[in-house]
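Student: The lines below spell out each chain.
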Amino acid sequence: MLMLAENVYLEMVAHCLDGLPEEACGLLGGTDGEADGARASVCYPARNEAASAKLYRLAPLDHLRSDRDAEQRGLALIGVFHSHTHTDAYPSPTDVAQAPDPGWHYVIVSLRHAEPVVRSYRIVGGQVEEEPVAVDEN
Amino acid sequence: MPVEVRLPTILRQHAGGQTSVKANSGPLSEVFEDLIRQFPGLAGQIVTDEGTLHRFVNVYLNDDDVRYLQKLDTKVNDDDVVSILPAVAGG
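Top line first, the protein sequences correspond to chains W and C.
Numbering-wise (the working numbering), the first sequence opens with residue 1 and increments by one.
Numbering-wise (the working numbering), the second sequence opens with residue 1001 and increments by one.
It is possible that some hints are incorrect.
The following residues of chain W were derived to be distant from chain C, with all beta-carbon distances above 10 angstroms [claimed, not checked]:
1. LEU10
2. GLU23
3. GLY33
4. LYS54
5. LEU64
6. ASP67
7. GLU71
8. VAL80
9. PRO91
10. PRO93
11. ALA99
12. PRO100
13. HIS113
14. VAL118
15. GLU137
With the C-beta cut set under 8 angstroms, the calculated list includes, among others, these residues of chain W facing chain C [said to hold, decoys possible]:
16. GLU6
17. ASN7
18. ALA51
19. HIS63
20. GLN72
21. LEU75
22. HIS82
23. THR94
Honestly, the hints are just simulated from the structure, not real lab data.
Where a beta carbon is used, it is the ideal one built from N, C-alpha and C, also for glycine.
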């Protein structure tokens, strides 16, 4: 399961809505331990260098800065989020083919309908498995 | 060995789980050669057989993307930090 701090959930969805009509993306900082599970406590909105409604390419410099900030906070980058502007919140073949880290959580924010839909997946060796997402209001 | 090389989580398994490792300064290609000498499991993960940077990694020298410097010929000095990051993309 992926737990999202409420501020992370809100910032993530806001960044995706701000990015319309293009896809938006960003990284999630947090902790991911076997005992306590995964919890994202910091949202790192990033630029989509692809500037496309169908593709995203997360700006490497934003990645570098997010990685440094997470480390300074004693956290790690535990996943990535991006929006699907016109399709459901399920990984596209491109998402699966290009998933960079089997340890990450892959969050997709679908803006297909009026209400954003947030889902999270693990992608390991080309296999996609959905995981529950919860929002932590504390 | 004064250069710090920061590794992404996906590559740390090849370096004993370390977040960052040390390597000799010099052209970036030689920094990576030294890295692979220490951690043979990293061979083929950063540089292709043709001797170019893999397209699915981004490499930074301090705050600069080496693709906009001299790529693998970029000079890396003592106390510089080389960061290797996976390319993050999708559709």
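Student: Now tell me, hint by hint, if it's right for this structure.
Tutor: Hint by hint, here is what the structure shows:
Here LEU10 of chain W stays apart from chain C, with its beta-carbon at least about 22 angstroms from theirs, past the 10 angstroms limit. At roughly 8 angstroms from the closest C-beta of chain C, the C-beta of GLU23 of chain W falls inside 10 angstroms, breaking its exclusion from the interface. For GLY33 of chain W, the condition that its CB be more than 10 angstroms from all CB atoms of chain C holds, with the nearest at approximately 14 angstroms. A beta-carbon of chain C comes within 10 angstroms of the beta-carbon of LYS54 of chain W; the shortest separation is about 6 angstroms.
Distance check on LEU64 of chain W: its Cβ comes as close as 5 angstroms (rounded) to a Cβ of chain C, failing to clear the 10 angstroms threshold; non-interface status is violated. The beta carbon of ASP67 of chain W sits about 7 angstroms from the closest Cβ of chain C, which is not more than 10 angstroms, so the claim that it is off the interface is violated. Under the 10 angstroms C-beta cut-off, the non-interface status given to GLU71 of chain W relative to chain C is violated; the minimum distance is some 8 angstroms. With a minimum CB-CB distance of about 6 angstroms to chain C, VAL80 of chain W fails to clear the 10 angstroms threshold, and the non-interface call is violated.
With a least beta-carbon separation of about 8 angstroms from chain C, PRO91 of chain W fails to lie farther than 10 angstroms from that chain, contradicting its non-interface assignment. Not every C-beta of chain C lies more than 10 angstroms from that of PRO93 of chain W, the closest at about 8 angstroms, which undercuts listing it as non-interface. Against the 10 angstroms criterion, ALA99 of chain W falls within the reach of chain C, whose nearest CB is about 7 angstroms from its own CB. For PRO100 of chain W, the requirement that its beta carbon stay farther than 10 angstroms from each beta carbon of chain C is not met, with the minimum near 4 angstroms.
Chain C leaves HIS113 of chain W outside its interface by the beta-carbon criterion, the shortest separation being 19 angstroms against a cut-off of 10 angstroms. Its beta-carbon lying about 16 angstroms from the closest one in chain C, VAL118 of chain W satisfies the requirement of being farther than 10 angstroms from that chain. Against chain C, the non-interface label of GLU137 of chain W holds: every CB pair exceeds 10 angstroms, the least being about 29 angstroms. The criterion of a C-beta within 8 angstroms of any C-beta in chain C is not met by GLU6 of chain W, whose closest approach is roughly 24 angstroms, and the hint is violated.
Given the 8 angstroms rule on beta carbons, the hint for ASN7 of chain W is violated: about 22 angstroms separates it from the nearest Cβ of chain C. Because the beta carbon of ALA51 of chain W sits about 13 angstroms from the nearest beta carbon in chain C, more than 8 angstroms, this interface hint is broken. At about 5 angstroms, the closest approach between the beta carbon of HIS63 of chain W and any beta carbon in chain C falls short of 8 angstroms, and the interface hint on this residue holds. The beta carbon of GLN72 of chain W is not positioned within 8 angstroms of any beta carbon in chain C (closest approach about 13 angstroms), and the interface hint is therefore violated.
Because the closest C-beta pair between LEU75 of chain W and chain C is about 12 angstroms apart, greater than 8 angstroms, the hint is violated. Taken as an interface hint, HIS82 of chain W checks out: its beta carbon lies about 6 angstroms from the nearest beta carbon of chain C, inside 8 angstroms. For THR94 of chain W, the shortest C-beta to C-beta distance to chain C is roughly 3 angstroms, which falls under 8 angstroms, so the interface hint holds.
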